[in-house]
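Asks: Each chain, letter by letter, is given below.
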Amino acid sequence: MAQLEIRNVTRRFGDFVAVDNVSLNIEAGEFFTLLGPSGCGKTTLLRMIAGFDVPDSGQILLDGKDLADTPPEKRPIHTVFQSYALFPHLTVARNITFSLKMARCAHSEISARLQQSLDQMRLAGQADKYPNELSGGQKQRVALARALINRPRLLLLDESLAALDAKLREEVQVELINLQRDVGITFVFVTHAQTEALALSHRIAVMNLGRLEQVDEPSKLYGFPRNRFVADFIGHINQLDARVLESAHSHLHLSVAGAGDIIAPPLISAAPGQNGTFSIRPEQVRIGVHNELVELKNHFSGMVQSVLYQGDVSVYRVKFADGVTIEALLPNSAPGRAQLFEVGDMVKVGWRHDAGIFFDD
Amino acid sequence: MTKAHNPDSTAGLGKYLVSGPPFLFLLLMFAAPAVITVIASFSYPGEFGGLAPLITSDPNTLHGVTLETYQFFFSDFIYIEIFIKSILMASCTTLICLSLAYPLALLIARSPSRRRDILVLLVILPFASNFLIRIYAWMIVLGPQSALSLLINGMLKLFGLAPVHLLFSSFAVLIALVYVHLPFMVLPLYTNLEKHDPNLLDAAQDLGANAWQRFWRVTFPLSLPGVFAGTALVFIPALGMFAIPEILGGTGDMLIGNLIKEQYLVTRDWPFGATLSIMLTIAVLLIAWLTAKLGARRGSYV
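If you read the sequences in order, they're chains L and X.
Using the working numbering, you'd call the opening residue of the first sequence number 1 and step up by one each time.
Using the working numbering, you'd call the opening residue of the second sequence number 362 and step up by one each time.
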């Protein structure tokens, strides 16, 4: 039995369907992420799990028990808010022990657990400070400590890293992974940042327009997106209009508008004459000088239109003779890569016949 | 060579230009009268009101400085009694204002933002009418022939109790004091409560706090700066108020404000009036200092 079961949950605001018949199982000890663009319903879903909002229909079960009649203050579920929502009038210690006070824990137990929590969160020495005296990272750790101190069954994190600057965010990501592993509590993380989701999660649910698009492990989500939306939302991807020429067991034969014919991985449902999109990740596209890539089944000539140097990698936009452009991502440190390309260079672009995906939607 | 432009000198000049007029105004209208009042309190009264001169060529006329008025103040307990009564009256006013204003301010602060402006407007609407007219209106409301008086006395009669006079009583004074000062409590409280982050209440609830605990552990402590501001804005003017006791109070309802007014205008004992004023100022400053001290400790996180 899954620890958290979401069964056919729907939530409407007037005519707007924020969450549309979502069913989801989250296992104990999982780091689960709800990922989607803003307005996709992920925060509404999170608020319903916390109890701040109620489904119009459907059920939310924790450990097999329906939560419908349990108000937020009675649910063994805590939230780390986007703004942290630390109590400004309470010290770090009092913020962290708030839930224990509410549960009327014995004084000795409160101080013992506080000490443990302060040590775990590297907040020793900050106990008597007020939230406005803390750095962003410290505030975040206090918010985590506060939400974790009475060991909830479930920890909800609502865009909890969004307020941190990029450098700190990376550090905190690592801390968060370690923390989740150490405490063994199920984390449900809500974010619109796909890199964050990929880095942190055991499983990710991609949401769009109130619906679940795909629920999968990060590598599967990235490597085998189920539809165009997921492919486009997770990472970068080239999208080329294509028509099926031949659909075989082992491959697809596609005609890509503005490029030419290519061989792509098979799609059972594809039928000849069907229109769709051929999608391929920039790092799967190879780029070289003339005649270097001819052994690849799919290869075209083009001209470098722009180069985006990013230090570790460079993103090349190459324009084919027929007008279509494609992005290729190349590491700058590859051995033997003596030559980098410049704008205006004539190059060969190619990819393996088993790279990329054809979407018929 | 062009002269280097010094931004500090113009900024300095601008600073004086901006702060000069209010400084002069306060010096003339606040500091000077305060000094005069202090001097007056150490003077002898003049023969026909006013003050006796401090220095004179005629040794037979009363002149110079004296502590007589201060001795007089402390020699008769009645003055201290009036002080205590005034402080009690102002304290009651403040407490009643606070308990009425807090729920109102909370209601306004948690209303949809459109309705908030209308509700705030309603709170300050009484200011559109003259203060004295509003006090005289209470004479009608509390008068013996008013619906309110008839209703209360009718009920008392039912229970076999003697009828009461609402007007010209401490009760009437207290009602009017509360009525007049209520907006001064509502506004600072509303201003404070309106700024509260609603996420804090969600966080408290999420961590197991019920509605009661959310109020006492989050909303109320965070609103303390507003409570202190409102308390000061109500308590201090209520302590010195003389118009309300004069119009609505009975003969025994003299407060410190009335006593001061009487010394200046009726008894024409200016030095004693000045002494009473200074004692009042000291009392107010003492209370303000205490409030600020409490507020500073509580408000250090803001």
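Calculated from the structure, these hints are not laboratory results.
Please note: incorrect hints may appear among the correct ones.
Using 25 Å as the maximum straight-line C-alpha spacing, the simulated PhoX-like pairs for lysine-lysine come out as follows [stated by the list, open to error]:
1. K129/L with K101/L
2. K65/L with K139/L
3. K139/L with K654/X
4. K556/X with K654/X
5. K446/X with K129/L
6. K319/L with K348/L
7. K167/L with K139/L
8. K654/X with K129/L
9. K319/L with K297/L
Asks: Compare the structure with each hint and give your call.
Replies: Going through the hints against the structure:
Under the criterion of a C-alpha separation no larger than 25 Å, the hint pairing K129/L with K101/L is consistent with the structure, at around 19 Å. With a CA separation close to 33 Å, the supplied pair K65/L and K139/L exceeds the 25 Å bound. Distance restraint check for K139/L and K654/X: the Cα-Cα separation of roughly 28 Å exceeds the 25 Å cut-off, and the hinted pair is therefore not satisfied. This hinted pair checks out: K556/X and K654/X have alpha carbons roughly 23 Å apart, not beyond 25 Å.
A C-alpha spacing of about 43 Å is found between K446/X and K129/L, which places the hinted pair above 25 Å, so the restraint is violated. This hinted pair checks out: K319/L and K348/L have alpha carbons roughly 11 Å apart, not beyond 25 Å. Taking the CA atoms of K167/L and K139/L, the gap is near 16 Å; set against the 25 Å cutoff, the hint holds. A distance of roughly 20 Å separates the Cα atoms of K654/X and K129/L; the hinted pair therefore holds under the 25 Å criterion.
Note on K319/L and K297/L: the hinted pairing holds, with a Cα-Cα distance of about 19 Å set against a maximum of 25 Å.
In the structure shown, a violation is registered for the earlier hints numbered 2, 3, 5, in ascending order.
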